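Could you put together the complete structure from these sequences and hints?
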Amino acid sequence: MKLLHGGDYFPEQWLTRPETIEEDFKYFKEAKINTVTVGMFAWSILEPEENHFDFTWLDQVFDKAEENGMKVILGTPSGARPNWLASKYPDVLRVNERLEQNRFGGRHNHCFTSVNYRERVRIVNEKLAERYGQRESLLMWHLSNEYSGECHCDQCQSAFRLWMQNKYGTLEAVNQAYWNTFWSHTYSDWSHVHSPNHLGEMAVHALNLDWRRFVTDQTIDFYLHERAAINKYSTDIPVTTNFMADTEHLIPFQALDYSKFGKIVDIVTWDCYPAWHNDWETEADLALKVGFINDLYRGLKEMPFLIMESSPSFVNWHDINRPKRPGMHKLASTQLLAHGSDSVLYFQMRASKGSSEKFHGSVIGHVPPERNRVYQEVASLGERMSQLDGLVGSMKQSDVAIYYDWENDWAIKDIQGFSKTNMNYHHTLHDHYRPFWRQDVNVDVITKNNDFDGYKLLVMPMMYLHSRDLLAKVQAYVEAGGTVVYTYMSGMANETDLVYDGGTIPGLEDMLGIMISETDVYYPSQRNQVKFQDASYEVHDYATVFETTSAETLAIYGSDFYQGQAAVSVNHYGKGQAYFMGARTGDDFLSKFYGELLDQLTIVGNSIAKSSDSVSVQTREDSEGTRYYFVMNFSDQVQTAEVPQGLIDVSTGLPVEATLALQGFEAMVLTSK
Amino acid sequence: MKLLHGGDYFPEQWLTRPETIEEDFKYFKEAKINTVTVGMFAWSILEPEENHFDFTWLDQVFDKAEENGMKVILGTPSGARPNWLASKYPDVLRVNERLEQNRFGGRHNHCFTSVNYRERVRIVNEKLAERYGQRESLLMWHLSNEYSGECHCDQCQSAFRLWMQNKYGTLEAVNQAYWNTFWSHTYSDWSHVHSPNHLGEMAVHALNLDWRRFVTDQTIDFYLHERAAINKYSTDIPVTTNFMADTEHLIPFQALDYSKFGKIVDIVTWDCYPAWHNDWETEADLALKVGFINDLYRGLKEMPFLIMESSPSFVNWHDINRPKRPGMHKLASTQLLAHGSDSVLYFQMRASKGSSEKFHGSVIGHVPPERNRVYQEVASLGERMSQLDGLVGSMKQSDVAIYYDWENDWAIKDIQGFSKTNMNYHHTLHDHYRPFWRQDVNVDVITKNNDFDGYKLLVMPMMYLHSRDLLAKVQAYVEAGGTVVYTYMSGMANETDLVYDGGTIPGLEDMLGIMISETDVYYPSQRNQVKFQDASYEVHDYATVFETTSAETLAIYGSDFYQGQAAVSVNHYGKGQAYFMGARTGDDFLSKFYGELLDQLTIVGNSIAKSSDSVSVQTREDSEGTRYYFVMNFSDQVQTAEVPQGLIDVSTGLPVEATLALQGFEAMVLTSK
Amino acid sequence: MKLLHGGDYFPEQWLTRPETIEEDFKYFKEAKINTVTVGMFAWSILEPEENHFDFTWLDQVFDKAEENGMKVILGTPSGARPNWLASKYPDVLRVNERLEQNRFGGRHNHCFTSVNYRERVRIVNEKLAERYGQRESLLMWHLSNEYSGECHCDQCQSAFRLWMQNKYGTLEAVNQAYWNTFWSHTYSDWSHVHSPNHLGEMAVHALNLDWRRFVTDQTIDFYLHERAAINKYSTDIPVTTNFMADTEHLIPFQALDYSKFGKIVDIVTWDCYPAWHNDWETEADLALKVGFINDLYRGLKEMPFLIMESSPSFVNWHDINRPKRPGMHKLASTQLLAHGSDSVLYFQMRASKGSSEKFHGSVIGHVPPERNRVYQEVASLGERMSQLDGLVGSMKQSDVAIYYDWENDWAIKDIQGFSKTNMNYHHTLHDHYRPFWRQDVNVDVITKNNDFDGYKLLVMPMMYLHSRDLLAKVQAYVEAGGTVVYTYMSGMANETDLVYDGGTIPGLEDMLGIMISETDVYYPSQRNQVKFQDASYEVHDYATVFETTSAETLAIYGSDFYQGQAAVSVNHYGKGQAYFMGARTGDDFLSKFYGELLDQLTIVGNSIAKSSDSVSVQTREDSEGTRYYFVMNFSDQVQTAEVPQGLIDVSTGLPVEATLALQGFEAMVLTSK
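Protein chains in written order, with my numbering: chain A, 4 to 676; chain B, 4 to 676; chain C, 4 to 676.
None of these hints come from the bench; they were simulated from the model. One or more hints might be untrue.
In this list, chains with the same sequence are indistinguishable; a pair is considered to hold if it fits within one copy or across any two.
[To be verified] Below, in silico cross-link-like pairs of lysine-lysine (DSBU-like), each with a Cα-Cα straight-line distance of 35 Å or less:
#: 1; residue 1: Lys595; residue 2: Lys5
#: 2; residue 1: Lys423; residue 2: Lys356
#: 3; residue 1: Lys356; residue 2: Lys266
#: 4; residue 1: Lys676; residue 2: Lys356
#: 5; residue 1: Lys91; residue 2: Lys459
#: 6; residue 1: Lys451; residue 2: Lys356
#: 7; residue 1: Lys676; residue 2: Lys130
#: 8; residue 1: Lys356; residue 2: Lys263
#: 9; residue 1: Lys356; residue 2: Lys170
#: 10; residue 1: Lys35; residue 2: Lys266
#: 11; residue 1: Lys29; residue 2: Lys263
#: 12; residue 1: Lys35; residue 2: Lys5
#: 13; residue 1: Lys676; residue 2: Lys459
#: 14; residue 1: Lys534; residue 2: Lys304
#: 15; residue 1: Lys91; residue 2: Lys416
#: 16; residue 1: Lys91; residue 2: Lys595
#: 17; residue 1: Lys595; residue 2: Lys67
Given the structure is predicted, the values throughout are model-derived calculations rather than measurements.
Here it is as structure tokens:
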């Protein structure tokens with residue numbers, strides 16, 4: 004088993020220039036590229052007219068790959084439909100949130116429900132599976148591309164109504180779950196159900212949540228439809244699609260619940276595009292965010308994932324697309340491996356000459372490889388990856404889990420009340436991740452997919468939408484000896500965003516040993532303090548006013564009308580303990596608090612000492628107990644780090660000294676074997 | 004007669020849980036709640052299918068209220084239509100400013116012209132009036148809710164054309180009034196008339212003005228239609244609807260001309276939601292804005308008004324919804340009484356469990372009343388209000404009037420020219436109100452509804468749109484001995500926004516004793532100065548360049564090409580005097596200027612001395628001459644204030660000392676009786 | 004031949020008040036107004052009903068003009084259609100970028116393709132030409148007004164498809180030129196071609212470019228259609244339309260390629276509205292931008308142009324519309340003459356009383372001329388202009404040319420990659436113009452219309468889109484001894500925005516003697532330096548990493564991974580030299596660099612010495628060698644300037660001293676005759 008190195012390749016753009024394709028494979032070989040992904044967006048080449056297929060060029064790509072000992076990931080073309088298809092079957096195009104019928108254009112502009120679209124996708128997918136399903140070089144099926152978006156057409160409305168009938172059974176149940184009496188929104192006929200849209204209703208929160216759930220389910224349904232077509236001729240090859248992150252902070256992709264979708268794909272793969280070298284954060288700050296999301300996506304299936312796309316240097320869709328500095332590509336790619344990837348794949352293998360992505364980073368760019376620094380850095384990484392095949396299948400072992408939930412995320416974005424402009428759920432998740440990151444403590448970011456067993460510490464920031472099932476699971480975990488941390492804005496609403504009687508989900512206050520009176524919010528410039536062990540720490544945005552019942556007060560508020568009241572508490576519950584952090588603080592308090600908790604729970608990190616927080620040390624371990632240490636310097640200065648003794652540098656095969664010295668942007672990989 | 008304490012109550016949300024409603028009335032009683040408003044938005048409960056009515060639950064609410072000695076304000080349900088109604092009669096939904104047909108959703112999403120909507124509203128209103136018109140507990144009819152918005156459907160276009168025919172008679176008259184020759188906009192057929200919209204015309208200012216006038220008239224017409232249905236069975240109970248304010252600065256609601264609408268309702272009621280404890284202004288700064296708008300709405304009918312909605316603590320629709328600090332609720336509510344309210348009513352009596360307003364402040368919140376600070380503060384106010392029934396019907400007596408005009412406001416927003424980004428009409432109104440507020444001088448904010456007789460001082464800031472009738476009225480007032488203050492940007496345009504020949508309405512320059520040459524405007528960072536009595540004050544945004552004819556120069560410009568020319572002047576006119584303030588200054592000059600004017604006109608304030616401007620002292624007086632003093636401390640520190648001797652504290656019944664000491668956010672009510 | 008002084012006049016607004024028109028002509032005469040432009044937007048007066056024409060009022064205007072010895076520019080009314088026309092032929096209205104059918108309203112809201120619109124325009128234009136084509140006072144035809152905008156209706160889609168067929172012949176050629184294989188955008192039927200729109204495709208860059216080209220061509224086609232109607236009865240009178248600038252920085256109008264349109268009109272005329280006295284730049288900074296764009300528009304036909312519109316004082320469509328300070332009108336108007344205008348015409352001669360432009364500056368404003376400063380300043384300019392008739396037809400002589408290209412501009416705006424938020428093409432053009440402006444060196448801003456012969460220096464900033472034809476032209480110029488300066492972001496893409504193989508247009512690197520590796524971009528706060536002759540200059544936004552082959556290195560980078568590599572180079576090529584400026588710097592480096600280049604190329608400026616950069620000296624020269632010097636002080640302080648000896652002040656007829664002293668905002672005109 005090999006780490007995969009390669010990526011998205013669109014040779015159909017150069018069919019009139021076969022020497023270009025020849026040249027590409029020569030360069031691939033030199034850079035130790037072992038995998039290409041082809042076929043995505045190629046529909047108009049594969050099927051230039053309805054039911055007229057042309058696979059010549061794709062046959063040749065397989066041939067070339069096999070000649071060169073490379074593997075092929077075969078994409079289905081549904082991410083962009085041909086003009087003829089949209090002309091003949093206009094219903095394949097989406098209806099947008101203003102209920103306007105889209106015209107042909109862009110990618111991802113197709114209705115997932117459209118009978119016509121599904122039929123055309125079935126036909127082309129079957130053709131591909133029939134022809135290529137048995138090719139020896141076929142490594143994986145890659146369905147469509149970055150599934151996303153939603154459609155408000157009549158077919159989708161019907162599907163949504165059906166989905167709702169399946170979920171609730173009766174309109175009465177929907178009306179109760181949605182609290183539809185409010186503002187006379189009661190449905191008295193199923194035809195009254197309609198997707199949230201800018202011309203009608205956007206403020207029924209349960210409807211918004213269900214619509215997002217439906218969009219996830221319908222997207223998965225479309226994925227399964229695509230997969231069924233593939234499976235007709237190809238059943239032994241893994242099938243997947245590529246996931247994404249959102250915003251420059253690399254937060255989980257918001258439009259789809261990947262904790263559901265992750266269970267469906269055979270392997271999680273995703274597209275990772277951090278804006279390295281920006282001017283609003285250090286590379287180390289950004290590395291933390293990259294670490295967080297990889298720790299999350301690894302947990303979706305609790306197995307190594309694949310980076311399906313990344314850029315060899317810059318992208319083209321940030322506002323400012325800065326090239327990676329020398330060394331950064333190897334460092335950044337090593338981080339992906341460190342957090343559980345078994346690949347570094349790229350978008351794109353060769354830069355296109357025209358249209359919107361021509362200036363996206365690529366292995367082979369417009370400037371020829373011989374004098375192109377980007378290509379040289381890719382080749383250097385290829386060399387490293389060829390030494391790391393032992394890594395394949397190994398996992399991170401973590402004592403700490405941070406809980407994330409997509410539905411909670413959606414509900415928080417919809418909250419009408421409190422400090423809407425400062426909800427900052429993702430910022431808070433990063434804040435609670437940071438103390439562990441700084442101390443090189445492995446963390447799993449987990450979701451409803453994961454068990455809590457085996458974790459010494461479970462952190463649940465801002466779990467506003469909180470099901471009874473989840474509470475039972477947490478209670479069992481704590482009763483059995485686990486330690487949990489809850490925060491402000493927790494346990495307020497059920498799965499259809501109805502507030503629990505009393506303001507908090509029954510059982511939570513009991514477990515925490517507290518009684519909550521109100522949630523104070525601050526305008527941006529307003530502050531309070533928590534007093535903890537003789538020091539004072541700033542509070543902003545949120546402060547829960549509460550009394551302890553059975554809990555012990557750990558910190559108190561410094562001012563305002565609840566001065567002196569508990570701000571942080573801990574309760575003994577079963578064999579475990581349940582912490583409540585009532586206020587939003589800065590990193591100073593969180594570091595102090597979690598530092599003490601790590602000591603108390605005897606959780607240790609991967610490093611012994613280091614010259615700077617900009618160094619990160621992560622580990623993976625294979626089933627035989629061999630451990631890999633990834634020592635990564637995210638500063639542009641020389642840094643040192645101490646790691647356990649007896650490790651070997653995989654690039655030299657020699658033992659390393661007690662104190663490692665790393666150049667700016669250098670990453671080392673060590674092994675215990 | 005009692006002050007009303009209570010508010011909007013939606014028990015229809017808990018029909019499956021009757022114990023909740025039982026509990027509610029117990030808590031109401033404890034908190035001295037004496038009034039509930041019910042029925043708004045309840046259409047889908049009242050008429051779950053067309054022509055099938057169910058009043059069981061509403062009967063029970065009346066029963067419960069009467070058992071508890073409470074009064075009921077009965078709302079009509081037209082603020083939100085049921086799904087079945089919109090499905091069957093799609094024309095009841097609005098067409099928006101992009102001429103798109105809205106879908107079902109939200110509130111206030113109905114065409115005021117729709118024949119179908121009017122018919123269904125008539126039917127349900129008649130049913131309500133027939134059934135409840137004679138209930139002893141029925142205090143008032145509350146039609147719909149917060150009338151607002153506009154519709155661009157074909158029925159509305161027809162109504163607009165008819166309205167225009169009634170107003171102008173001929174197309175020729177319209178063309179002349181609109182100056183339609185410009186850009187060939189001449190109407191040559193009535194069908195050419197169309198509402199301003201984003202796909203067509205937005206820049207014919209007279210059309211924009213007339214459209215706003217039509218929207219006000221059509222809204223009133225709809226109100227009258229609702230009222231006629233009520234009056235069929237209920238003629239002796241007052242009828243009203245709730246008005247609103249706009250923006251975080253609590254400016255007059257912009258979409259409707261309340262000086263027209265105010266004449267139609269039996270009593271003015273409105274919904275007051277200041278963002279207390281924000282971080283861009285002090286509580287005292289905000290209190291000034293609250294004072295201003297209450298002084299305006301009281302004047303609409305020159306009688307006490309009702310606060311129909313307010314929040315016991317926070318709202319849910321600000322960006323940041325901060326709870327009121329302890330004491331603030333009593334203080335803020337006392338201010339409403341001080342400025343002329345005979346009620347403190349809330350939205351809402353019990354927080355809903357779901358949908359968009361579940362986190363809006365409420366008397367009974369999600370956290371049970373026993374440990375809910377908000378409920379305790381409401382109960383404390385209930386106690387105070389029970390001691391103040393003598394207040395009912397009493398009025399503020401003012402020597403100073405500030406003039407506000409909705410049509411002028413609309414016209415100013417449309418001005419193409421000068422400093423569009425710094426028109427700041429409302430800011431200017433507050434600026435001219437502040438010197439009186441600081442000195443605790445009672446002020447009436449008046450409109451075209453009010454007479455000028457009896458005021459010693461009339462302030463008319465930025466009266467850009469200025470009718471000849473208004474000028475005649477001002478002239479008569481000044482001739483008879485009154486004092487008027489005009490400012491820059493005054494008297495430029497007539498009622499259809501045509502510029503007067505010569506640039507200023509004939510007669511105004513004569514009354515002011517000046518001749519205006521031009522209006523200079525400044526970019527935001529540019530400044531001039533006025534020199535007044537040996538001091539210099541900064542000028543920004545606007546400076547009128549003018550010459551005095553018969554007027555006396557009071558202040559001159561400090562720089563620029565009109566350095567040394569008059570900036571402020573006064574003219575003797577009849578028995579009175581007419582001031583002109585040519586430049587926009589800061590509070591320093593305005594305080595100085597109005598301070599001298601108050602002395603000169605022997606206008607005195609309600610306080611004698613106070614330790615801070617954050618204390619406000621307002622008075623109300625009943626028909627027998629009993630005067631109530633409201634002494635309110637809008638700072639969180641202890642403050643002192645001196646008021647006339649011989650007053651009694653209504654909460655103790657004891658005389659108060661010469662110097663009152665108030666805790667942070669404390670309000671006292673004193674009486675001369 | 005006279006300089007034209009006058010402008011847009013809309014007497015049709017006062018037909019019911021003939022005395023107003025009488026008065027106007029009296030005032031015109033006093034202010035030495037010699038030209039009026041009439042007829043624009045008068046359609047509903049000229050043709051109040053279909054095929055019913057009324058020319059009475061227009062006859063009278065001609066009569067009045069002729070009585071007063073004035074000339075008339077006659078406008079066609081197509082800039083705004085009457086209501087009756089839009090009602091009867093709805094297809095004359097535009098379909099917008101969201102594919103919504105516009106309603107009647109605004110100006111410029113008509114489809115240029117509409118058969119109905121063209122027919123109605125033909126008829127009214129012919130009527131005008133027939134009636135007025137032979138009037139002795141007719142000076143020029145002014146077609147429509149400020150052609151702009153685009154339409155997405157079906158007629159336009161058809162026209163666009165035809166245009167594309169004419170250009171490319173086959174769909175295959177289009178697909179190749181557009182790189183349509185990318186994302187399966189391949190056209191397989193001509194019906195697939197559609198304009199870029201917000202509901203469909205916006206990211207096919209070649210399509211965007213071709214759409215802009217089509218819009219230009221279709222606008223020109225409409226112009227020609229209008230002209231043909233005129234020419235039926237009037238062939239000897241010049242025909243034109245008025246061009247515009249864009250944004251507060253007065254950049255070239257973006258929606259139309261004036262280098263194409265300029266060749267069609269008989270004389271270039273344009274509307275110049277700088278925001279004098281703003282608070283983000285000095286008057287001198289703004290004067291530079293005014294100079295730049297006038298130097299560009301003069302070059303479109305290489306002959307003097309006309310200022311068709313300008314404001315006597317303020318406008319009404321800026322955010323803040325500040326009046327010109329005393330003297331500024333004469334100064335600003337003199338600058339227009341200095342850069343090649345043979346007119347100062349105004350919008351508008353009399354301010355309208357209503358609608359959107361009533362507060363736009365005008366010769367006769369709302370305040371009567373007798374006490375209106377604006378009118379006095381206009382009259383003072385009229386006096387000066389009457390002394391300058393010798394100027395008519397004279398031209399600026401320049402040794403320096405800066406190259407600008409509309410298509411390059413469009414392509415740069417579309418670039419997906421690099422620093423999208425800091426492309427700043429126009430800012431860069433101004434930066435490269437500034438060193439010459441400061442030294443009073445005449446500059447021509449040239450386009451594809453112009454020859455390079457005769458220029459000693461050719462500056463080509465950011466020529467991203469670069470045709471092979473242009474390169475051949477530059478190569479020939481340099482080979483023959485010319486000096487050219489290229490910058491970062493040059494020569495990357497061809498005319499359909501396909502990246503050239505190798506990343507740069509073949510031949511450019513050879514001419515420059517360099518080899519480009521990559522283009523680094525910086526986030527806003529990031530910096531590098533160039534080291535040039537012992538000094539260091541800051542670099543921001545862009546830095547090209549390149550090696551010299553035959554070129555000489557002039558400056559090197561100060562830091563980052565390419566520290567010490569060439570940043571600026573020069574190559575000997577043929578008899579000339581080719582400079583490459585790899586990095587974006589501030590004015591410090593550009594001044595130094597171009598200062599040395601001017602010395603080396605022995606290019607001299609118009610001034611010898613001056614007390615401040617806020618003084619500008621420009622020259623025009625007639626065919627007999629008489630040179631006019633315009634010495635302009637853009638500061639509000641007294642400044643001095645030295646000009647060559649032996650010049651005469653045109654206003655006094657007397658020789659001037661060696662050192663001129665100018666008052667704040669004063670402009671002098673000197674002559675060598």
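message: As a check of your reading, is Lys35 near Lys5 (CA-CA no more than 35 Å) within one copy, between copies, both or neither?
response: within (12 Å within a copy, 76 Å between copies)
field: Intra- versus inter-copy proximity for Lys304 and Lys534 (alpha-carbon distance at most 35 Å)
entry: Neither way: Lys534 and Lys304 sit 41 Å apart in one copy and 54 Å across, limit 35 Å.
- request: Can you give me the call for Lys356 and Lys266, within, between, both or neither, at a CA distance of at most 35 Å?
  value: Close across copies (33 Å), not inside one copy (38 Å); limit 35 Å.
message: Within, between, both or neither: how does the pair Lys356, Lys170 come out at a Cα-Cα threshold of 35 Å?
response: Between copies, since 21 Å is at most 35 Å while 49 Å is not.
- prompt: Is it within, between, both or neither when you check Lys676 against Lys130 at 35 Å Cα-Cα?
  reply: Neither: 46 Å inside a chain and 86 Å across chains, both beyond 35 Å.
message: My question is about Lys91 and Lys416: at a cut-off of 35 Å on alpha-carbon distance, are they close within one copy, between copies, both, or neither?
response: between (39 Å within a copy, 34 Å between copies)
task: Please work out whether the CA atoms of Lys451 and Lys356 approach to 35 Å or closer within one copy, between two copies, in both situations, or in neither?
output: Classified as between; 25 Å across copies, 44 Å inside a copy.
message: Reference check for the pair Lys676 and Lys356, CA-CA at most 35 Å: within, between, both, or neither?
response: neither (47 Å within a copy, 58 Å between copies)
Intra- versus inter-copy proximity for Lys67 and Lys595 (alpha-carbon distance at most 35 Å): So Lys595 and Lys67 fail the 35 Å test inside a copy (57 Å) and across (56 Å) alike.
message: When Cα atoms must be at most 35 Å apart, do Lys356 and Lys263 count as within-copy, between-copy, both, or neither?
response: between (38 Å within a copy, 28 Å between copies)
- request: Have a look at Lys676 and Lys459 and pick one of within, between, both or neither, based on CA distance no larger than 35 Å.
  value: Close inside one copy (27 Å), not across copies (71 Å); limit 35 Å.
task: If the cutoff is 35 Å on CA atoms, where do Lys29 and Lys263 land: within, between, both or neither? Let me know, please.
output: This pair counts as neither: shortest intra-copy Cα distance 41 Å, inter-copy 46 Å.
Of the hints listed earlier, those the structure fails to meet are numbers 1, 4, 5, 7, 11, 14, 16, 17, in rising order.
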